[in-house]
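Colleague: Single-letter residue listing:
Protein chains: 2
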Amino acid sequence: MSKASQDGITTKKGENFDEWYTQVILKAEIADYSPVSGCVVYRPSGYAIWENIQRETDLRFKEAGISNTYFPLFIPERLLKKEAEHVEGFAPEVAWVTQTGSSKIEERLAIRPTSESLMYEVVSRWIRSWRDLPMRLNQWNNVVRWETKNPTFILRSREFLWNEGHSLFATREEADAERDQILGIYKEITEEYLALPGYLGKKTKAETFAGAEGTYSIEHLLPDGKAIQGPDWHSDGQNFSKAFGIVFIDQRGEKQFAYQNTWAISTREIGVMLAVHSDDRGAIIPPKLAFVQVVLVPIVNDESKQAVLEEARKLMERLRGKFRTVLDDRDHLTPGRKFNEWELKGVPLRVEFGPRDMKEKQVVLVRRDTGGKRAAKVAELSDEVAKELDSIQASLFKRASDALAKGTRDASTLPELKRVLSQQGGIVRVPWCGKPECEAKMREVTGGKILNVPLDQKPPKAKCPGCGDEAVSLVNFGKSY
Amino acid sequence: MSKASQDGITTKKGENFDEWYTQVILKAEIADYSPVSGCVVYRPSGYAIWENIQRETDLRFKEAGISNTYFPLFIPERLLKKEAEHVEGFAPEVAWVTQTGSSKIEERLAIRPTSESLMYEVVSRWIRSWRDLPMRLNQWNNVVRWETKNPTFILRSREFLWNEGHSLFATREEADAERDQILGIYKEITEEYLALPGYLGKKTKAETFAGAEGTYSIEHLLPDGKAIQGPDWHSDGQNFSKAFGIVFIDQRGEKQFAYQNTWAISTREIGVMLAVHSDDRGAIIPPKLAFVQVVLVPIVNDESKQAVLEEARKLMERLRGKFRTVLDDRDHLTPGRKFNEWELKGVPLRVEFGPRDMKEKQVVLVRRDTGGKRAAKVAELSDEVAKELDSIQASLFKRASDALAKGTRDASTLPELKRVLSQQGGIVRVPWCGKPECEAKMREVTGGKILNVPLDQKPPKAKCPGCGDEAVSLVNFGKSY
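Residue numbers (my numbering), protein chains in the order written: chain A, 39 to 519; chain B, 39 to 519.
Each hint should be verified, as a subset may be incorrect.
Since the list gives no way to pick one copy over another, a pair counts as held whenever it fits inside one copy or between any two copies.
Unchecked claim - Below 25 Å or equal to it, Euclidean Cα-Cα: the simulated DSS-like pairs (lysine-lysine) are:
#1 Lys473 to Lys499
#2 Lys352 to Lys100
#3 Lys187 to Lys142
#4 Lys65 to Lys100
Because the hints were derived from the structure by calculation, they are not lab data.
Just need the whole structure built from these sequences, with the hints factored in.
Modeller: Here it is, written out as structure tokens:
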């Protein structure tokens, strides 16, 4: 096997998804393994994706009046225990600090799996009257959940990066009104930046965040037919404010508990995005998030070398500051090797430039997503590159949306649900009566679960496959990471 | 005592510095205590300072060709032990994870006190040839050092946020050439954004970072006469590359160890900045870093209220998008109470606007730093505000530079050094022969230490106060946090 083919992806997306996915992440230099199992090293290309997601999301949070903060990594055990369901949900996954230097510490400290308990203990000191509300806080940080299930590279890691938004309101109405704003931001980010479609809906009680009253999520579909939860928003009601004493004096002078919400988007999205878009030749990264958006590859022979390189540097000047561009002028690699390398790494657009192009005052643009090639005038280079990048961004979303539509199926009975899920996978639309017993039955029979329940739907005029009663909704059902 | 005076600072900077400093941070709502001692909660106003420092620093790193990454929080004990001096320096301060969920884990995991050992283990896999170098990586993250000394609010916290830059080069010359670039960036950020002067120099061997060959720092002076280390840059030579096997094939086909550097700026700078600039009325925050740069306070009486507020909203439109501005239209507080509150919080510029101003088509600008007031035409509002903010930024740096110059003293004998330090404090310029014994003697006699040794100096033609030999340099000496 030649060096080039060893460097490339040695399996196919449609044949061995898990192995393909891991190879893409590693060989495209997106991320690497850490010596601690389940923890991820983000290399420059991978971290740039996160920085871009973060910047765009943060901009929208700030426009919405949300302020960034930082709360510490450590949560004393007694605080984590203050909200009963919350600690029950997270205790099995907590990493505990018990020693510092060579001493044992008095009270174990949890590495935050999420910051509700610490934040609310502190924030309760900041709120006195209705005038202090709403208070909408966010932090971008790292959290640790030591899951006993096998971690999956980026998709399910023991440490991950995320935003955790935490807001407090005087009334339930105001708190509820935040839902569409936050989920709207996440929808915009996932669709317009990650080029990732998903199904928005409400989680069932069984799948609701530990301590919350209601959880809403965007659910994605991976190419292996499994679903995976994307960004979410939780309505906490007064659960935490009662546990942590977050009390304010309302306009009539009476003490009230605040209403709270929380929400998050995490680095998991990077894994989902790469799994959905990439192909057998390597990573495909949407232009808006790519570390390198354009690679300029001069095609030279001995006699043209100097002139072509000189001209290529002028092309770079036209692109610099407008696009994240690299000029690949390495002279020990053939153009073919360079093409392979940048395709593997997922750079959205390649600009080829050789002696003939120089004469014609043109370049050749090659798209990473389709492999499509076309010539473009040097004089119009920036516009043409911008157009092509926009087209790639839109096309990736279209392709992913088509795949989601194709991967969304129907079932109306338990055997049908089981058969569809085991033979085809995907997200299955199933009628449901709303009873937890029927949810549990569907789960047991199929190994899948209710991902979420689409909002604002009319009853589907169908029977629940669990009990035969009238269904109240169609739900999104699937096997999930 | 009235509510207003309780809310304000109840001690003086010049009388009880420690208490004053803590009150400023807490009452200006910059930061708060965490339930875990020595950990800091950054509130929106405090975290915005860090975001602004981070954004400006990161921009310059990227322009220099440095790429951001993320390496995990956990370092297995065996890795931390790979570089002998490094582990010796950090082991006493490490927070150890020993349990996850209800299980004991096999190998203790260190919460990173700094990431050399983990990064270099991983990065050694990424480097094969001289073509892979230089590799210049950075991360913005949280680190934990469980110092046994008493933690000091923000200035010395057990968890802090920082950048850790890590670069690898093929030759010592290239590695050394990075020093002035990085320290130049830090100098620009501290001076032009934090308005903080400092003394640049090289640490002595005794004060060098654990595992490094040379440490260079910027040293600040606090108003209590103690020095505190600011951003730093370390030359590691081949110490870590030898311990972690970071080997590359050079252009002659021979194996070589890489040369490495590391560098950092941390949230400690926020504390230094506030301590230096703030006054007895509360925080003073340099305009370039302030969460709120301008507060617009309408001055209304019952009859003018509606007209003034309407006009104030138009003024807001002129300022919005150009400056981070708040319109304080709360109607339950007097203008005087509002002035006190925004002064306490350190907002650089207040714009007052009342019925008479409306008639005159003017506003009154009030500077937080000097209290200086002047009228400005509404038609020129943006320009006038910009001018005033620039002037405040420059004036804070000037004032801090004057204080540093005034706080810098000379001493040529041990008794003199001791007397100056104990009676006046500050940073003392002392001749030194370069011998560790004399450094140790000066430390023992005075309780201070050599902060750093200014670069590019000629021998001072003076005697070392330790041994009486010819001095080779003047050093910056002081008591330090």
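Colleague: Give a verdict on every hint.
Modeller: Cross-check of the supplied hints:
1. Lys473 to Lys499: Only inside one copy: Lys473 and Lys499 sit 16 Å apart there, 90 Å across copies, limit 25 Å.
2. Lys352 to Lys100: Cα proximity of Lys352 and Lys100: across copies only (22 Å, versus 39 Å in one copy).
3. Lys187 to Lys142: between (29 Å within a copy, 17 Å between copies)
4. Lys65 to Lys100: between (36 Å within a copy, 24 Å between copies)
In this structure, every one of the numbered hints holds.
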